[in-house]
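J.: Produce the complete structure using the sequences and hints provided.
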Amino acid sequence: METATRAYPPGEHPDQKPPIGQSGVLYWMHKNLFSSPFNVILTLLTAYFLYLLLPPLFGWLMIDSVFVADSRDHCRELGSGACWGFIGKRLGQFTYGFYPHDERWRVVLCFALFVAACVPILWDGAPNRKKWLYFAAAFPFIAFWLLIGGNGSIAAYGILFALVVVPVVYFSPIDDADGADTGGLTYVLLAVWAFLLIGLQNIFFSTDVDIGIGGLGNVMRTLITLLLIGLTMVPLFHRGMAGKLRRQWATGFFALAALWHFVGGTNFGFSSDHLLTIVDTDQFGGFMLTMVIGVTGIVVSLPLGILLALGRQSDLHIIRWVCTGFIEFIRGVPLIALLFVASTMLNYFLPPGSNFDLLLRVLIMVVLFSAAYLAEVVRGGLQAIPKGQTEAADAMGLRYWQSMRLIVLPQALKISIPGIVNTFIGLFKDTTLVVIIGLLDPLGIGRASLSDTKWQGLSTEVYVFIAIFFFICCFSMSRYSIYLENKLHTGHRED
Amino acid sequence: MNDKTELAAQLAVSDQQMIRIQQMHKWYGQFHVLKDINLTVNAGERIVVCGPSGSGKSTLIRCINRLEEHQKGEIWVDGTELTSDLKQIEQIRREVGMVFQHFNLFPHLTVLENCTLAPIWVRKMPKAEAEQVARKYLERVKIPEQADKYPGQLSGGQQQRVAIARSLCMNPKIMLFDEPTSALDPEMIKEVLDVMVELARDGMTMICVTHEMGFAKTVANRVIFMDEGEIIEQNEPEEFFNNPQSPRTQEFLSQILLH
Ligand SMILES: Nc1ncnc2c1ncn2[C@@H]1O[C@H](COP(=O)(O)OP(=O)(O)OP(=O)(O)O)[C@@H](O)[C@H]1O
Ligand SMILES: [Mg+2]
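Taken in order, these protein sequences are the chains called A and B.
Each residue of the first sequence is one higher than the one before, starting from 1 at the first, in the working numbering.
Each residue of the second sequence is one higher than the one before, starting from 1001 at the first, in the working numbering.
One or more hints might be untrue.
[Claimed, not checked] Straight-line C-alpha distance at most 16 Å; calculated EDC-like pairs for lysine to aspartate or glutamate:
# : chain 1 : residue 1 : chain 2 : residue 2
1 : B       : LYS1035   : B       : GLU1228
2 : A       : LYS387    : B       : GLU1068
3 : B       : LYS1173   : B       : ASP1202
4 : A       : LYS487    : A       : ASP124
5 : B       : LYS1142   : B       : GLU1191
6 : B       : LYS1087   : A       : ASP394
[What the hints assert, rightly or not] Label pairs and their in silico Cβ distance ranges:
#  : chain 1 : residue 1 : chain 2 : residue 2 : range
7  : B       : GLU1129   : A       : TRP321    : 18 to 28 Å
8  : A       : LEU236    : B       : HIS1025   : 51 to 61 Å
9  : B       : PRO1247   : A       : PRO386    : 35 to 45 Å
10 : A       : MET29     : B       : LYS1127   : 48 to 58 Å
11 : B       : ALA1128   : A       : SER314    : 43 to 53 Å
12 : B       : GLN1255   : A       : GLN383    : 29 to 39 Å
13 : A       : LEU223    : B       : ASN1171   : 46 to 56 Å
14 : A       : ALA126    : B       : LYS1127   : 15 to 25 Å
15 : A       : HIS238    : B       : ASN1038   : 44 to 54 Å
[Claimed, not checked] Beyond 12 Å from chain A on every Cβ pair, some chain B residues (computed):
#  : residue
16 : GLU1187
17 : GLY1214
18 : ARG1248
Because the hints were derived from the structure by calculation, they are not lab data.
Here the structure is a predicted model, which is why all the values come from computation and not from measurement.
Note that beta-carbon positions come from the ideal geometry of N, C-alpha and C, so glycine has one too.
T.: Printed below as a string of structure tokens:
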């Protein structure tokens, strides 16, 4: 009886295609919308609500709305829907804040470069990705220069730092004689310090400090700067140098160049306002300000958050206590309070007479705030990595930073993607809080524009417009995170 | 049975000391896990460590590459003493490979990347050369065709063989195995043991915690029995199994041989 039902002798059954799936619109509807009486009721109710909601909404947004008008009354004459003409009139301000009209091209260029820098970072299939990544590393410094202006020395040192010093330190072989590779970290810190020195000069000292080498003459001083910069680059071309010497060389000469710049005040022959007109950060506003705070916050807080998370898990008690204390403090305080501290109290701790840029202070607070949250998200990911992973890495002789960078973090960050992106989205939306301390983000601009007597009573349009902008940004981040999760999925989970 | 024991006898053991452990003690907090361990392993020796659960077998071999720290006594590996000096620890770890019960492969890297990671980052080997070496060892553990898969796509036995290949890529002088087959289904145990037997045949110095007594009889030249943190007895396999000295060894053997 049994053999009669078999189409093939035992052991000889060929591989066959799965049965053809039932498909089609009707099948889908039946399966997803009308599979049970309860489901039918739900579907009908939803359809009814959509019927009530969508046509009027669409009418207000699109069909009855007015895109070009001179005043609110004009709008009302032309149509009963939204008055987008108002937004159109104010679009420049919504986008650039009070950035000088003639310099707006810099913002546009900066945004274009930003998009270009995002491509190799977000898409690992990008052609020539490696070269693009170098551009992405240099982008922050270019952006800084474009937006703020000046003679470009910050950009020059920044690019030197990102494209020469960091790669030399990072890619130089670690010789056995070097000991633990915290060595590499020391060099990076040295170079960061040198970089900050230049930054400090720009922030605190509007005039160059002259300690007497001014007598050398501008040409001579610039030549010495160029020489030092040139020497910094030597390890890039001299492949034969030993690893340790390469790192010391690059960071050492970079620090010297920075120091020379700091005390000698070279400006490459350009006065500080020469190449690009300086725009004060209090003229930043609108979506541009949102992007500046949001993107800087995201880019800086992620590495900081990772370091905090690692620090909180560290075997070294002091580091653990400091990181834990920092995280708990920041998480326990509302962002608004931190922003108020940034806008008022911080002046207290600074040398009198110094003018610490308000936007920079806000950025620092936003970064610290989101870093603390990210640290907790990443810590969750770190805890999910089995101890066997680090043990295997240890047993093979990998050092702490190697095993973190190559083994633990890639896995921990992958698990943490939803939480990380969640924090990013929160940060991006929280940028609107800066309106409270007087920065003119889109909400601030919107509120100011509402007081225009010609256009009174259009708050709905303004806020819907701002909402759409934020929704597009946040929704893209959310979709990207889903794409990333799928891409990083490597087969079954290992237990 | 006869040719098995012959294999063990054939394999040469030099009198060069690879590992020397002297009066070594270890505590977990107040708990005295390892008590007065004395053990010398010569190059080419294959040592099997057995004993009841919780007797400190894993702890002992994990002390040899400093995954666990000992508090008293000395451990010398290939002429270097294990202290808290990071450089010496790294030097020793480069020469000592370890295979774990749960494989501990890196799930986010392909099999090939798992194998080339340490040679590239620790031995500073050029990538192309590291891949060549990795393919050679994957061939040796008989899974060259899986090089581009992720560990999660392999069976347990295949994963453990990858783990062995991964260790071998560092060209270690000593291999430590911590119950390499006890997380595997019976039909996979053999494929892993076969690889280990071949490794022994090639003269690798091995310390292996295992309850595979067949393996102990085939390749070991010494079997060590541990209980409650002490080495109770060590002997050549034949003597050890046929003529155990201490009552605890006899009891242990009678239990596992019942299965
Ligand atoms: N990290 C730890 N902290 C405290 N006690 C531990 C730790 N690791 C192991 N122990 C204890 O030390 C003893 C020895 O553990 P070990 O893992 O070496 O045993 P084992 O002989 O390998 O046992 P098994 O056959 O079950 O693997 C056990 O009693 C265990 O509970
Ligand atoms: Mg064990």
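J.: A separate judgement is required for each hint: does it hold in the structure or not?
T.: Checked hints:
Straight-line distance between C-alpha atoms of B:LYS1035 and B:GLU1228 comes to about 8 Å, which keeps the hinted pair within the 16 Å bound. A C-alpha spacing of about 13 Å is found between A:LYS387 and B:GLU1068, which places the hinted pair at or below 16 Å, so the restraint holds. With a C-alpha separation of about 12 Å, the suggested pairing of B:LYS1173 with B:ASP1202 holds against the 16 Å cut-off. A threshold of 16 Å between alpha carbons decides the hint, and for A:LYS487 with A:ASP124 the separation of about 10 Å falls inside it, so the pair holds.
For the hint pairing B:LYS1142 with B:GLU1191, the CA-to-CA distance comes to about 9 Å; that is within 16 Å, so the pair holds. Distance restraint check for B:LYS1087 and A:ASP394: the Cα-Cα separation of roughly 13 Å lies within the 16 Å cut-off, and the hinted pair is therefore satisfied. A hinted range of 18 to 28 Å for the beta carbons of B:GLU1129 and A:TRP321 is inconsistent with their spacing of about 45 Å. Checked against the given bound of 51 to 61 Å, the beta carbons of A:LEU236 and B:HIS1025, roughly 52 Å apart, stay inside it.
B:PRO1247 and A:PRO386 have their C-beta atoms about 39 Å apart, which keeps the hinted 35 to 45 Å range intact. In this structure the hint that A:MET29 and B:LYS1127 lie 48 to 58 Å apart at CB holds, the actual value being about 54 Å. Hint check: B:ALA1128 to A:SER314, Cβ distance near 36 Å, so the stated range 43 to 53 Å is violated. For the pair B:GLN1255 and A:GLN383, the supplied restraint of 29 to 39 Å holds, since their beta-carbon distance comes to about 38 Å.
Our hint of 46 to 56 Å for A:LEU223 and B:ASN1171 holds, since their Cβ atoms are close to 52 Å apart. Checked against the hint of 15 to 25 Å, the pair A:ALA126 and B:LYS1127 passes, with Cβ atoms roughly 21 Å apart. Restraint check, A:HIS238 to B:ASN1038: a C-beta distance of roughly 53 Å satisfies the suggested window 44 to 54 Å. No Cβ of chain A approaches the Cβ of B:GLU1187 within 12 Å, the least distance being about 19 Å, so the stated non-interface status holds.
With a cut of 12 Å on Cβ distances, B:GLY1214 stays outside the contact zone with chain A, its closest approach being about 27 Å. For B:ARG1248, the shortest C-beta to C-beta distance to chain A comes to about 30 Å, beyond the 12 Å cut-off, and the non-interface label holds.
Hint check: violations occur at hints 7, 11; the rest are consistent with the structure.
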